[in-house]
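Chemist: If you want the building blocks of each chain, they are given just below.
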Amino acid sequence: NAGVTQTPKFRVLKTGQSMTLLCAQDMNHEYMYWYRQDPGMGLRLIHYSVGEGTTAKGEVPDGYNVSRLKKQNFLLGLESAAPSQTSVYFCASIQGNTEAFFGQGTRLTVV
Amino acid sequence: RKEVEQDPGPFNVPEGATVAFNCTYSNSASQSFFWYRQDCRKEPKLLMSVYSSGNEDGRFTAQLNRASQYISLLIRDSKLSDSATYLCVVNVWGGSQGNLIFGKGTKLSVKP
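Keeping their order, the protein sequence lines are chains C and A.
Okay, so the first sequence: first residue is 1 according to our numbering, each after it adds one.
Okay, so the second sequence: first residue is 1 according to our numbering, each after it adds one.
Keep in mind the hints are simulated off the structure, nothing from the lab.
As the structure is a computational prediction, the values presented were derived from the model and not from experiment.
Misleading hints may appear alongside valid ones.
[As the list claims (entries may be wrong)] Here are the simulated DSS-like pairs of lysine-lysine, each with C-alpha atoms no more than 30 Å apart in a straight line:
#1 C/K9 - A/K107
#2 A/K79 - A/K45
#3 A/K104 - C/K57
#4 C/K57 - A/K107
#5 C/K71 - C/K57
#6 C/K71 - A/K42
#7 A/K107 - A/K79
#8 A/K45 - A/K2
#9 C/K57 - A/K45
#10 A/K42 - A/K107
#11 A/K42 - A/K2
#12 C/K14 - A/K42
#13 C/K9 - A/K45
#14 A/K104 - A/K2
#15 A/K45 - A/K104
#16 C/K57 - C/K70
#17 A/K104 - C/K9
#18 C/K71 - A/K45
#19 A/K111 - A/K42
#20 A/K79 - A/K111
#21 A/K107 - A/K45
#22 A/K2 - A/K107
#23 A/K42 - C/K9
#24 C/K57 - A/K42
#25 A/K79 - A/K104
#26 A/K79 - A/K42
#27 A/K2 - C/K57
#28 C/K57 - C/K9
#29 C/K9 - C/K71
#30 A/K104 - A/K42
#31 A/K45 - C/K70
#32 A/K104 - C/K71
#33 C/K70 - A/K42
Same shape as in the complex, but just chain A:
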């Protein structure tokens, strides 16, 4: 089982749609969790951290379920500019890859 798994997509949605991405992680020692956004061939940029209590930033809502080892990202009222690849990232203290574990990313394409 991969350490961090995401649905690769692509997710093709119309403008205004609500879209949800899921991510599962296998290491129960995982400490912190993030969603990153990556535009084509550019560096990943932090979208938001993910907390057990859930957190919201405008149209974006992130949730963490430690019991199920599951992270989600919800995007409401999708914009054309939301088209990108969304990476789930887990920080595992003392992990095999120096703490940072990346999912392969989920590609989102928002159409007019």
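With the rest of the complex left out, here is chain C:
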């Protein structure tokens, strides 16, 4: 049972490039989340999904898009990367009132 898996784990992008981060969970969870975490700061919610085919904006959605075409996958896209998007990105999933399960994170640097 892999839980929540994020790919890639590390990436360096040039300003203006695009990329997609994949979050996959094998626990049949309904809710999935994308967060970013900057040095010395807490988790900030980018987008979330309450089920297949649905997405919603979080606290810091600008510059990101998401899709949830399959229940087990939640994709985070950066259409035109900016240095301000250098961060560590975490994906999480939950089911109902249970605890959240996190992926190991993606360390993204935009130069």
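Mind docking chain A on chain C? Use the hints.
Modeler: Leaving out everything else, chain A in the frame of chain C:
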């Protein structure tokens, strides 16, 4: 008022000390409560769930006071390995952020 508030610390304590963290939440519809531990730049990991009756896991004790909307975590006999950031997490059914609300975390540093 923030939905989940924690003292950011840092808490600097010697080995063997007892340390207590507090967390308050604003939404009375909150359903479930958790403490997570996060090591530097790694993913948060569940430390323990928090129940109204209180619960204990070794050196760690968590308490929930629904009337006061207050959660606590007590660490006894602190170890160097307890150094981390502790996150208070509230699950609010139908909440504005898709149920999960995170505090900003309290940083603990245990010194020899």
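Chemist: Give a verdict on every hint.
Modeler: Going through the hints against the structure:
{"no.": "1", "hint": "C/K9 - A/K107", "verdict": "holds (25 Å)"}
{"no.": "2", "hint": "A/K79 - A/K45", "verdict": "holds (18 Å)"}
{"no.": "3", "hint": "A/K104 - C/K57", "verdict": "holds (19 Å)"}
{"no.": "4", "hint": "C/K57 - A/K107", "verdict": "holds (28 Å)"}
{"no.": "5", "hint": "C/K71 - C/K57", "verdict": "holds (18 Å)"}
{"no.": "6", "hint": "C/K71 - A/K42", "verdict": "holds (25 Å)"}
{"no.": "7", "hint": "A/K107 - A/K79", "verdict": "holds (14 Å)"}
{"no.": "8", "hint": "A/K45 - A/K2", "verdict": "holds (23 Å)"}
{"no.": "9", "hint": "C/K57 - A/K45", "verdict": "holds (24 Å)"}
{"no.": "10", "hint": "A/K42 - A/K107", "verdict": "holds (14 Å)"}
{"no.": "11", "hint": "A/K42 - A/K2", "verdict": "holds (25 Å)"}
{"no.": "12", "hint": "C/K14 - A/K42", "verdict": "holds (24 Å)"}
{"no.": "13", "hint": "C/K9 - A/K45", "verdict": "holds (17 Å)"}
{"no.": "14", "hint": "A/K104 - A/K2", "verdict": "holds (10 Å)"}
{"no.": "15", "hint": "A/K45 - A/K104", "verdict": "holds (15 Å)"}
{"no.": "16", "hint": "C/K57 - C/K70", "verdict": "holds (18 Å)"}
{"no.": "17", "hint": "A/K104 - C/K9", "verdict": "holds (24 Å)"}
{"no.": "18", "hint": "C/K71 - A/K45", "verdict": "holds (23 Å)"}
{"no.": "19", "hint": "A/K111 - A/K42", "verdict": "holds (21 Å)"}
{"no.": "20", "hint": "A/K79 - A/K111", "verdict": "holds (8 Å)"}
{"no.": "21", "hint": "A/K107 - A/K45", "verdict": "holds (15 Å)"}
{"no.": "22", "hint": "A/K2 - A/K107", "verdict": "holds (19 Å)"}
{"no.": "23", "hint": "A/K42 - C/K9", "verdict": "holds (11 Å)"}
{"no.": "24", "hint": "C/K57 - A/K42", "verdict": "holds (24 Å)"}
{"no.": "25", "hint": "A/K79 - A/K104", "verdict": "holds (23 Å)"}
{"no.": "26", "hint": "A/K79 - A/K42", "verdict": "holds (20 Å)"}
{"no.": "27", "hint": "A/K2 - C/K57", "verdict": "holds (18 Å)"}
{"no.": "28", "hint": "C/K57 - C/K9", "verdict": "holds (24 Å)"}
{"no.": "29", "hint": "C/K9 - C/K71", "verdict": "holds (21 Å)"}
{"no.": "30", "hint": "A/K104 - A/K42", "verdict": "holds (15 Å)"}
{"no.": "31", "hint": "A/K45 - C/K70", "verdict": "holds (25 Å)"}
{"no.": "32", "hint": "A/K104 - C/K71", "verdict": "holds (29 Å)"}
{"no.": "33", "hint": "C/K70 - A/K42", "verdict": "holds (27 Å)"}
Violated hints are absent here; each numbered hint is respected by the structure.
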